[in-house]
Amino acid sequence: MKRYDSQLEIGGTKLRSRLFLGTGRFPNPAVLQQSLEASGAEVITFAVRRVNLDSVEDDSVLQHVEDRSLVYLPNTSGAGNADEAVRIAKLARAAGLGNWIKVEISRDERTLLPDPLETLRATERLVREGFVALPYTSDDPMLCRRLEEAGAAAVMPGGAPIGTGLGILNPYNLGLIAEQSGVPVIVDAGLGSAQDVVQAMELGADGILVNTPVAKAQDPVAMAKAMRLAVEAGRLSAMAGRIPRKPYASASSSTEGALFGGPYAAGSAIEGRRAETSAEGLRR
Amino acid sequence: MKEELLVVGGGIVGLSCAYEAAKRGGRKVTIVDRGDFGGQASGAAAGMLAPYTENSEQPDPFFRLCLDSLRLYPEWAEEIERLSGISVELTHTGSIQVALHEADMLPLRTRQRWQNEWGARAEWLDAADLRRLEPGLSSAAAGGLYCPEESHVYAPKLVKALEAACRRLGVRCAGNAGDTVDLMLDGGRVRLVTGTGGRFEADRVIVCAGAWTGAFERWFGFAVPVNPIRGQICAYHSPIGEVRRMVFTSQAYWVGKRNGTLVCGASEDIAGFDTSVTERGIARLTRWSGRVFPALADRSPVHRWAGLRPATLDGWPLLGPVPGAPQAVVAAGHYRNGILLAPVTAKRICDVLDGKLPAAELAPFAPDRFAASARTLG
Chain C
891 MKRYDSQLEI GGTKLRSRLF LGTGRFPNPA VLQQSLEASG AEVITFAVRR
941 VNLDSVEDDS VLQHVEDRSL VYLPNTSGAG NADEAVRIAK LARAAGLGNW
991 IKVEISRDER TLLPDPLETL RATERLVREG FVALPYTSDD PMLCRRLEEA
1041 GAAAVMPGGA PIGTGLGILN PYNLGLIAEQ SGVPVIVDAG LGSAQDVVQA
1091 MELGADGILV NTPVAKAQDP VAMAKAMRLA VEAGRLSAMA GRIPRKPYAS
1141 ASSSTEGALF GGPYAAGSAI EGRRAETSAE GLRR
Chain Z
-16 MKEELLVVGG GIVGLSCAYE AAKRGGRKVT IVDRGDFGGQ ASGAAAGMLA
34 PYTENSEQPD PFFRLCLDSL RLYPEWAEEI ERLSGISVEL THTGSIQVAL
84 HEADMLPLRT RQRWQNEWGA RAEWLDAADL RRLEPGLSSA AAGGLYCPEE
134 SHVYAPKLVK ALEAACRRLG VRCAGNAGDT VDLMLDGGRV RLVTGTGGRF
184 EADRVIVCAG AWTGAFERWF GFAVPVNPIR GQICAYHSPI GEVRRMVFTS
234 QAYWVGKRNG TLVCGASEDI AGFDTSVTER GIARLTRWSG RVFPALADRS
284 PVHRWAGLRP ATLDGWPLLG PVPGAPQAVV AAGHYRNGIL LAPVTAKRIC
334 DVLDGKLPAA ELAPFAPDRF AASARTLG
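Chains C and Z are the protein sequences, given in the same order.
Remember, this note's numbering sits 890 above the position in the first sequence when you count from 1.
Here this note's numbering is used: position 5 in the second sequence is -12, and no number is missing along the way.
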């Protein structure tokens, strides 16, 4: 049974926050630091190809987050097939970036959509090599199931192509993935603003990964905070149980509450309200 | 009577605005700086005019502003050289973004696809092409994107030339005035008081205070979040032609200058207003330099310096009038692109002053665009 306050656990690591932040595209390191702080994110992702693997402490991005206790989720973005992705993952691990890897494989320069077959192949191999593999995948429920069977520590279906901000294009699929998945579902890519994050969490996602909608927002720091609140709001809303959708209006107060002829007609409105919510009022 | 115009800040942006305003005539122009002219970010700049490399994502309004400025450069630079008698060393070398991993190629191809629709004429280089164009590059380089339109200037000479051109045009240059301690914008006038007791009055003001622009929010009446980001940079002795083009990687860039130096930049440090050079900041550049250009591995830089870049929340500059005080205009927050954006900034800002450009045209860069969201965070 999912509980609101239960911690997200991936590959044996318990995480405080369900929001993962990508570090790319930020306008400058001060805004990155402030956004990271405002987001409360504990897991950050970055492209291995952009990192100074020879001396990570020299890296132009990672040097600005080295004081924080963070979980690194290096990604294989730019890889065009499973071989490249596995090579990149090994470079990252050898450089001391840990054994988590976000598998990201694409060969379409226009949409950057993940290649499903290569992603599955890479996931199988990386799991065998002892990596905690989190594949970025299309929002296909069958593929997500196969990735889980291959040993993925979490699945990361995209809402829409990377950086588009189009939101969740197929909520049905995403809901199905969340329902069936035995491993955490982290919705990754394509989200535009807080409402998409709320929707993903209401659909049953366990966490969210965002980068562009924060980094390229007019005020990334404020958007980072909005994303943090949206993860919480969406998760709480999913667990609170929403009302059923109805085709027509139903008044939020009963007809007895009408101004003339109802219980409020005599005496002040405040007294009437108090009476209504008290046991006595309900019996009346 | 001539309109009096005050320009606050004598970096590349302030000097360019003062120069443009004086050139257009009809105004008595005074430019004030807290220290020496030539600025902070400006003095530290490698002078790269690289709108394509600096904007790899999409053709947004900032990219278009950068591109417009690149296209203004040749004529603008020539005019300043003529007036000042100082060469600014505008050099059309083109640039190469090097792919050090096979995985760098896909994003570079994405960039090439959209940028060629915007006149980049970028060409893909395989490893052999790369070796031919830049023989000094490490054999680890897998390929690259060559962008022939990108150029560079020698920033220290450009700011000197601009200052000389300003003086030539009769601009009053008030250096070493100290920080602005008060700015009064009531009654449609401008009254400025500086830390050394300087008092300046004018009809209009352009605030070009770079990394210090955040201090003006108390007089503007809205949040102006600008962070100073220190840039550390160094230069090697290098025979002319050793590195022929501007070379970019994820960690650093290199530009060969006509004075026989190879400039390598730059760090992005968060250190408040501290402009000192640190061992760590330079060492990360030199270690990386040796990897990308093996010949630099056993050479030490001969110059090291630092400056403060003004960074806004979205990385775009603040351009346009101050709401509620139309006699005040802001041109600041250019971060890594002050040298590139100087001509377009000066022309757009003077168009605003001349009533030729509605402020709405500059809406993406509105100085008060962070007013609603900033300070929401406890």
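Calculated directly from the structure, the hints in this document are not laboratory data.
Yeah, the Cβ is synthetic: ideal placement off N, Cα and C, and Gly gets one too.
A couple of the hints might just be wrong.
What the hints assert, rightly or not - Quick list of the computed label-pair ranges, beta carbon to beta carbon: (1) Z:R151 / C:L1059: 51 to 61 Å; (2) C:E947 / Z:P277: 14 to 24 Å; (3) Z:G307 / C:G902: 55 to 65 Å; (4) Z:D51 / C:G902: 22 to 32 Å; (5) Z:G243 / C:V946: 29 to 39 Å; (6) C:E956 / Z:L340: 38 to 48 Å.
Cross-check of the supplied hints:
Restraint check, R151 of chain Z to L1059 of chain C: a C-beta distance of roughly 60 Å satisfies the suggested window 51 to 61 Å. At roughly 22 Å, the beta-carbon separation of E947 of chain C and P277 of chain Z lies within the given 14 to 24 Å, and the hint holds. The hinted window of 55 to 65 Å between G307 of chain Z and G902 of chain C holds, with their beta carbons roughly 57 Å apart. Taking the beta carbon of each, D51 of chain Z and G902 of chain C are about 53 Å apart, not inside 22 to 32 Å as hinted.
At about 34 Å, the beta-carbon gap between G243 of chain Z and V946 of chain C stays in the expected band of 29 to 39 Å. Checked against the hint of 38 to 48 Å, the C-beta distance between E956 of chain C and L340 of chain Z comes to roughly 45 Å, which is consistent with it.
Of the numbered hints stated above, the single one contradicted by the structure is hint 4.
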